[in-house]
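Asker: Listed below are the residues making up each chain.
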Amino acid sequence: MKETTQDRAFGIFVGLTLTVITIIVMYPLVYVLSASFSNPAAILRGELWLWPVEPTFEAYQSVMNNSDIWLGYRNTIIYTVLGTLFNLVLSVLVAYPLSRRDFHGRHVLTLFLVITMFFNGGMIPTYLLIRDLDMLNTIWAVIIPGAVSVYNVIVIRTFFQSIPEEMRESAQLDGCNNIQYLTKILLPLSKPVLAVMVLFYGVSQWNAFFDALIYLTDRGLYPLQLFLREMLIQDQMSEMIGISDATLERHMMRVEGIKYAVVIVASLPMLILYPFLQRFFVKGVMIGSIKG
Amino acid sequence: MKKNWDLYLLVLPVVIYFLVFKYFPMYGVQIAFKDFIATQGILGSEWVGFEHFIRFFDSFYFWRLLSNTIGISLYGLAVGFPIPILLALLLNEVKNKHGKSFVQTVTYAPHFLSTVVVVGMLFLFLSPNGAINQLLSFIGLSEILFLTEPEWFKTTYVFSSVWQQMGWSSIIYLAALAGIDPQLHEAAKMDGASRLQRIWHVNLPGIKATIIILLILQTGSILSVGFEKVFLMQNDLNMEASDVIATHIYRTGIVGAQYSYSAAIGLFESLLNFFILLAVNFAAKKTSNTSLW
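Going line by line, the protein sequences match chains A and B. Take the first sequence: its position 207, counted from the start at 1, is 653 in our numbering, and no numbers get skipped. Take the second sequence: its position 249, counted from the start at 1, is 270 in our numbering, and no numbers get skipped.
Hints may contain errors.
A few chain A residues that face chain B, going by a derived Cβ cut-off under 7 Å, partial list only [claimed, not checked]:
#: 1; residue: Thr463
#: 2; residue: Leu464
#: 3; residue: Val466
#: 4; residue: Met472
#: 5; residue: Val476
#: 6; residue: Pro543
#: 7; residue: His553
#: 8; residue: Pro571
#: 9; residue: Gly621
#: 10; residue: Tyr627
#: 11; residue: Val709
FYI, nobody ran anything at the bench for these hints, they're computed from the structure. Model, not experiment: these values are computed from the prediction. Think of the CB as a built atom: it goes at the ideal place given N, C-alpha and C, for glycine as much as any other residue.
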């Protein structure tokens, strides 16, 4: 069937609108990247539009020489790896029984979990609990309180349910028990959904700062995001630069330049990781939300 | 029960986890009605009834907090809810596979930036000598103090969130659109429907249930959305427009150590949230037969 003029015009409208949206989303990202390689003085004069002006690696050198960044990076990697592992294990432990139709009490258990999505004790009672458990200023305060996301449990459960019951029945006829079935057959079949979960949990751990802000006072345990907050938002850059050797103006310039580099250094790992897992997203988001 | 005893064993750690970290704090909410003294614990502290609630309702902050909290949420919902739907409808019309996946890759990307980084970028772009103000002065307009003028706070907050989340939020609608029976489109084409008419009469009805469910879920958390970002964007100068219930709880509770008083504020917030959820769910059930329960 031939396209009508009206339909063709509509197609052009769609193309133009999406192009504008893509540019609006992408431009700030490209600008930050270019700015991180540019001379800060030129940025402040408004000379940067798209490509780096007077290219330099100075900002990155300052970031690399900053001990807070390294400490934050190290801590965040530890929290992200441990946290994601912990999340994943707990989620699978509860999602698997929930996916079994012959598991008595699964409705009660689902309700027990889902209630916590709508009700919670709030910031203060939770803080007091963490304090009373002596978890303040330990890595557990950052990893444990948000360890299981009910939403993600439902996603995993729904995926498990999509694998035919007959698979388990025949495995059990061959003498497989529940736990062997889970670890040897079900999990290897569930790689796509597990990949999505690694990404979801991993990203949220990498980007988390609020638990750390509340529960940690020891700078040695700070995640990267808390140091970023100081540098980007609270302007506590003096440590980084060593004011003595420069005039105030030069100091300010370097601070401006370093901010862009810090944004790149902190965001790059996640931005690099996600395109590889992108093909799983739609599936993961879909099974979680529509049948939930 | 006997046959699957090992399944109960698997579930046990998670049940204990939820009891300790989710249900125990709910039990701890009772300190909102007590004068909590750490050495005497939750049970030992003395009951004071609604004293903390009354103090909060009478305080200078109450109406400011309530109107900011509801204002930011409604503004965010009004702008941020429809845009991902429109984006998904547009993306769904793209036939060129590479073009489509490029747009998706780009629009999803900001979702992976942390709140700290996004707010940091706002500071870089919107500060008096940042790129936006340079652009404004370039085209002959006067500079705008986005971050310190209270009247700009909500707009800055809402539109930066749209920038960050619109692509990601559109995924679920795209998935729903992919689930629409192609025969419906074929039949509509036979009847001479234009592309716009097919979006209106086939695609939109096809994703209606998804739209309503997401609307209910989002209104249900209307008072607690985006607290971290508000907190990061807040400063002494924009406080008048940026102070919300959750940031107030943080300041009085965690920073000021007035545990009982701020627990009372927190309880007020969750109750309000819950009633809004009930109301929206009820309205959705009445008008469209779609609801959470």
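Asker: Could you work out which of the previously given hints the structure breaks and list their numbers from low to high?
Answerer: 3, 5, 7, 9, 10
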